[in-house]
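Enquirer: Residue strings, one per chain:
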Amino acid sequence: MRLSKKHLLIGALLLAVLILSYLKTNHIVFPEHLRFDNSLDRLRELDTSLNQDVLKVRFHLLEDYDELLQEMSEMKQIAGDSTIIPSYIPEDRRREIRRKMEALSSLLAQKEELLERFKSQNAVLSNSLRYLPLAGTELVNRNAADEQRHDLDFLLNDLMRQVLVYSLLPSEDQTTGIHQAVVKLEEWRSQHGGDAQDAMIASLVLHANSVVVHKPRVELLTRQLLSIQTHTGIEEILDLYDDCFSGALHAADLYRVALYVLCGLLTLGIGYTIYALDAANAHLEARVAERTGELSHKNGELKAEIAERLRIGAEMEQINKKLLDVSRRAGMAEVATSVLHNVGNVLNSVNVSCSVISEAVRKSRIRTVGRTAALLQEHTGDLPEFFLHNPTGQKLPDFLCKLSEQLTKEQTSTLNELQSLSRNIEHIREIVAMQQSYANVGGVQETLPIRDLIEDALQMNSAALARHSVEVIREYGETPLVSVDKHKVLQILINLVRNAKHALTDGERKEKRLTVRLASDDSQIKVWVKDNGIGISPENLNRIFAHGFTTKKRGHGFGLHSGILAAQEMGGSLTVHSDGLGFGATFVLQLPLVAGRRNSS
Amino acid sequence: MKRLLPLILLLTLGGMSPLWSASVPAAEASREVVSTQREPLKPIPLEVNVDARKVALGRMLFHETKLSHDNSVSCASCHDLHRGGVDQRKHSLGIHQAEGSINAPTVFNSAGSIRQFWNGRAATLEDQIDGPIVATEEMGSTWEEVLAKLRGVPEYVASFKRIYPDAIQAKNVRNAIAEFERSLNTPNSRFDKFLRGDKSALTADEKEGYRKFKSYGCTSCHQGVNVGGNMFETLGAMADYFADRGGATKVDLGRFNVTGNEEDRYVFKVPSLRNVARTAPYLHDGSAATLEQAVTIMGRYQLGECLPPADVAQIVQFLKTLTGEYEGKQL
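One line per chain: the protein sequences are A and B, in this order. Start counting the first sequence at 1; every next residue gets the next number (our numbering). Start counting the second sequence at 602; every next residue gets the next number (our numbering).
Here chain A stands alone, though its shape is the one from the complex (with noise of 0.2 Å):
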């Protein structure tokens, strides 16, 4: 199976998809969601601290302000960074978030202005509520001893008593005392003025009044202080974080669900891909089997095919050798049939030449010549009477005169008989010698004007020509003179004319006419023998040249097979035209001027 483009696409995707619920789940920064939410912690628990020491040092239970100071400082730096808000929070939420911070920000700037101002009064309450009771029984004790300042020692007694009330419990009511007192004692004052103690009572009255303007003020200032919204403030930001956290770790949640289930998935496609695969291997490894099997017996079909092939090839060797042999005497058949048809044609004409001169010879005057000689004899005593007197013997020798006369022109028909008759001899001794250099490569080349072959090959069939009284005309052009093997191209000559003959035979025209015309060219040399005879037919004219056809009653087929054959090993050529039957037909022969060979075997 190969991967295609489809399946890697679908693997990015599972991939992106996995990592994306892998970064979704791990979006919440652990640090960062702790720092903020130890913050928060922080600061609540730092306003509640802070809320404490203001009570603790409004109860004189805390003497300095250092962790007042501290724990403000700390809070307001807290609230203070905004950076310390986790990154993982979306901006929206984060600038809502910051938002409040500097709200409470501000809240914790009223509140540390509050702080300060408390801080201010509650010295100058604390101090004052400290100096009053110690001042006012530092007079009580001066005065122990003098009788008559315990009217002053009520007094200043009074003045303690509803300070210290007043500082407990507050009042308008404790206020109205407090001023009552301090009126009497100012009262007291100016009767027993330039007194030695009284920068001392003036002192004490000073403190109780301000104990009177501060204590409210603290008092005010404590609830201000404890009543500052910092707390809500705190407590919204962690409402609002805890929001944001909770979403997130609820969307990680289900990002983390999601990540299994397409864990769990993709374990299911893996088993499913196993699974798949491990059937894909059986069904492969049976292919593979049913392959091997097939390929084994295709194996063993091939060698059976092998060895029919070379039974086959033993047969077609032995056939070879067969057709060979056959192809050998057929080819020796070929050359005899070609001899014997050859030496056949000759022989009708050493057959004429002969029964001319047994014509001549058995009508020969020479019985003529006996009779005279026996007449002779019987007048052999008187033979002057007999030339003399004897009418015979008067008219003998001019008898002998005309016997001698008619003897000498049968000699010459005699002796011009026997010539033709050796020549045909002659012939037919070349032919058996040509069909020897058939079988030795290359026949003797001669060089001589063809038109002197041409009228051999015409004379060679004159009298089959004369017999049938064909018209025979000679075109013949200047040619120059061509070295070819004579017998050859005789053979092919003598060959086309019989044919010719053969076809004005067969045809049913008066006037048979046989044209040879002779012409050549720069490069080869051309003989035209035309008939007017039977002609071919077309389908005739394909495969004349073949081996074995022929038309004629009693061929072979051999004729113009041989000289095509002959033609081409001379380097030339051997055509054929026809319009059809009826027609005429008119074969031509090329050669080479320069004599060649066809480069073949």
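Check each hint, because a few of them may be wrong.
[Unchecked claim] Okay, derived cross-link-like pairs now, DSSO-like style, lysine-lysine, Cα gap no bigger than 30 Å in a straight line:
1) B:643 with A:56
2) B:930 with B:643
3) B:815 with A:56
4) A:5 with A:24
5) A:76 with B:643
6) B:800 with A:56
7) B:772 with A:76
8) A:56 with B:813
9) A:526 with A:552
10) A:363 with A:402
11) B:794 with A:56
12) B:808 with A:56
13) B:800 with B:921
14) B:794 with B:921
15) B:772 with A:100
[Claimed, not checked] A short list of chain B residues far from chain A (calculated; beta carbon distances all over 12 Å):
16) 656
17) 690
18) 701
19) 743
20) 759
21) 794
22) 803
23) 878
24) 887
[Said to hold, decoys possible] One-sided excerpt, in silico: chain A residues whose CB lies under 8 Å from chain B:
25) 66
26) 131
27) 206
Quick caveat, the hints were computed from the structure, so don't treat them as lab data. Where is the CB? At the ideal position from N, CA and C, for every residue including glycine.
The hints should help you fit chain B onto chain A, whose structure is shown.
Expert: For chain B alone, coordinates are given in the frame of chain A:
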């Protein structure tokens, strides 16, 4: 979804290991609900957590006259570390011998102050530094000028580069100087030793002075580690200080100048009394040349009491035990 919950929980538990692996900061040291000793004063911690490299650079800058316009004045000119962190003048002298309008507070233990300056106009030590550098009667310079000068000194360029990635910047100069100032604490005073349990560290008079210091109500304001410095108070809470002194100027308005709030008129930061014996003259106007004068004035205007000279003397004796050590040496 309900059925999924256990699964979610399980998976969440598996995936939230970072939650447990992160360390939860140790709970704040248990807070004493009520101090058993009930002492309003606390000893100065013996150790202070600062960056030594920044302290070293800050020390150089603290003594650097290039911070002033004419290269004549450094931080140390007015806050002489050998003179209790002050110049012991009523008003400090800036460049061209210009006289300031207020008494220089000590630089020692200033990190413990609620805010900086007498009127608390700077929230932090860092914020405070801008004040003297640009004030015409102090250093009379600008940050541009200061930074340009510092950048011309290879040692500074190298030192800053080592500590701060962005090298010489105003904020880094502030940070280095502030860090140096945070190192200027003075632990181990005789009084601190007393507080830490060495009852023989103070003489009988000094102990009596401390008792009176508390009983007269001085600790209403001068409390905590720094014996003050952690709150604001009206100067003349019980009597009109400025009416008696006369010649009130703008600086005498105190925190009012910062907040514009009527309640802050004549309000000043309560100064720390640590090393107070070394930081004469006293008060924001430097009007009290001696501790006795200062204590008497405080008694009158802040406590509304006329302190007997014997008590004043004892209180002063106690105040002198507040002198601590800087770099192991008595201030």
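Enquirer: Among the hints numbered above, which are violated by the structure, and what are their numbers in rising order?
Expert: Per hint list: zero violations.
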